[in-house]
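There are 2 protein chains.
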Amino acid sequence: MSADLVPETRVLAIASHVVYGHVGNKMATLVMQSMGCDVAALNTVHFSNHTGYRQFKGTRATAEEISNLYEGLCQNNLTDFDVMLSGYAPSAAAVEAVGAIGQDLQRKAADRPGSFFWVLDPVMGDQGRLYVNDDVVPAYKNIIQHADLILPNQFEAEVLSGIKITSLSTLAAAITTLHSKYSIPHVIITSVQLSKLSPSGESSLPASPTTSNLLTVIGSTTLSTGEPRLFRIDVPALDCFFSGTGDMFAALMVARLREAVFNDSDTGLRDTKSWVSKDGVHATELPLARATEKVLASMHDVLEKTIEARDKQLKATAAEAGDVTGGDEAEIKKEHLRRTKAAEVRLVRNVRYLREPTMEFKAMEWVSEGRP
Amino acid sequence: MSADLVPETRVLAIASHVVYGHVGNKMATLVMQSMGCDVAALNTVHFSNHTGYRQFKGTRATAEEISNLYEGLCQNNLTDFDVMLSGYAPSAAAVEAVGAIGQDLQRKAADRPGSFFWVLDPVMGDQGRLYVNDDVVPAYKNIIQHADLILPNQFEAEVLSGIKITSLSTLAAAITTLHSKYSIPHVIITSVQLSKLSPSGESSLPASPTTSNLLTVIGSTTLSTGEPRLFRIDVPALDCFFSGTGDMFAALMVARLREAVFNDSDTGLRDTKSWVSKDGVHATELPLARATEKVLASMHDVLEKTIEARDKQLKATAAEAGDVTGGDEAEIKKEHLRRTKAAEVRLVRNVRYLREPTMEFKAMEWVSEGRP
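Same order as they appear, the protein sequences are chains Y and W.
Quick note on our numbering: the first sequence kicks off at 1 and runs consecutively.
Quick note on our numbering: the second sequence kicks off at 1001 and runs consecutively.
Because the hints were derived from the structure by calculation, they are not lab data.
A few of these clues could be false.
Simulated pairs of lysine to any residue, SDA-like, Cα-Cα distance not exceeding 25 Å [what the hints assert, rightly or not]:
{"no.": "1", "chain 1": "Y", "residue 1": "333", "chain 2": "W", "residue 2": "1142"}
{"no.": "2", "chain 1": "Y", "residue 1": "333", "chain 2": "W", "residue 2": "1109"}
{"no.": "3", "chain 1": "W", "residue 1": "1315", "chain 2": "Y", "residue 2": "115"}
What you are looking at is a predicted structure, and each value in this text was computed from that prediction instead of being measured.
The following block holds chain Y by itself, in its conformation from the complex (with noise of 0.2 Å):
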């Protein structure tokens, strides 16, 4: 049983709280518990169910709520944390506070270079469109120079970096400049459609013939010289939308990350600062790399399950459907609600693909082996 546990890790997850369903904190803390992680949740907001219904209810924690919970854990010594988790935060403010709470943990472990971790997840949109006001933006912008890994979508990257990604070369260029200019050592950007990339750009790899129905996740460790080590999987895209996968994804990261550096045969890793692999390692050898292929191997585990129990749902309910033909809002509502329940991720009943994932995904390195 404890086999197939990560090493111990102590994690501060700041995010979201829902009272139904699995977003946020209620998603990345169940994940973490269930690889092995002894969870902190610190919750940013209390809101019934998930933004995709259109409607919720509930309220926002302010940052002097934030901060004041993160002091009453100072005051208790309970602040001995390997790993933070840092997502949705409802405010500029609030993003702030979340900032100050990582550097803290970082000067209280200045004296043991690789005990503390910050995984930054810079949520504020997603498909060309911010869900955050605009000063968030900078407030994330001050913030992301201090955590050890980030995990922006395209639409993130593209605002963080300032790069707007239209072909695979200004996909390196956004990586590279949030290793250069805000000294960020790991960078993954979840969710790449390189169908819609164009494919110029000397260091870019071209998109294979099937990449339509892909989904690309791109990674780098930074280089001593602030290159980026860049890595690439491809993973099949499943044709639904789910509400929660980048917490599912920033979850398994840690948990993944960590036995990927504890299991690296540089054993001095685990002890040096920000877990930044020699430069002879290859991209596709990082801890970074290994830790992706698992959590994308455990995801498409959970969603397929989750597919299946959604089809099986609908088809249940299906007399309670609502009649969209008339085009009456109520029964368009009716139906928008009845099928975003029934595609809430499937966690609780699939935790064995977390620990255990059936699939197996590879990465493959950029440059080097990139097929012209």
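We have chain Y already, so just place chain W on it with the hints.
Frame of chain Y; chain W shown alone:
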């Protein structure tokens, strides 16, 4: 893997949240999820840590905020719960709000007997002392009549029944009152110290010779006459106080009682209001008794592992121990914090004992099998 999971169960859990450690919903959610339950967690307070540390930061939800979150679930058709587990609420108004939620869920399930079950833990105090406002007591007295199972400790049973428990006969009288006066179908009094009671009274079971090292859990499912069907389970008392054990008990009970009812030889039981077994079923054969046996076995395992880990941690941090010999307040506080942290229940790496306990305890009937 799924063999040891309980029947599919959707739970609404209403209780406190702490960032660090495992009490309230932070305990109950993980326990029920580990057993395979889908848990909606409505948090009544947001604290940094449990109050055993003697200092904490955070906020309490108002009754309006609690009702509002539930309203959010209602408007999105997210109220198809099989079980509600309600624990700590921070005010009389909050208790009333929780009561209204329970009754609303009962109304929604009224045409399907047995399809909804409410487990209520009337968190008010312990060891002869209230730790809530006085007006919380009448608030609980107003709502417990709607619950299917209540889980008071000895003091809370006294407060609710109005009967001071000084002997085994007064203990039985208190449970009878809860059945008859409040129409509560199932009652469990957690942690009675029989050695402290006088063994007088006709319907009583005298303390056995070794009771000083035993904790006794007393349970009963009502007969159609309103009389109790009493069983007891003795477990070895562990020489340590742990916060959150009441929440662990309640959460395990949700999963195990549902399992016991679904496995009962009376297949109609699950469609019977409040899952009350037919009068012919003996106390020790009750699903409530079967469930309590497993609950206590799991708890004993997890708490034994916790004691081991606590002792190891206290040894490892001995150098940081506060010097309490001089009576210096700061040193005493430091040592209290070190010991309180070390005694946090070790749940994450011991969840296997929730599903597969190694201990075995047997329920005994009170009257017919009572040894003189």
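Numbered hints the structure breaks, given as an ascending list: 1
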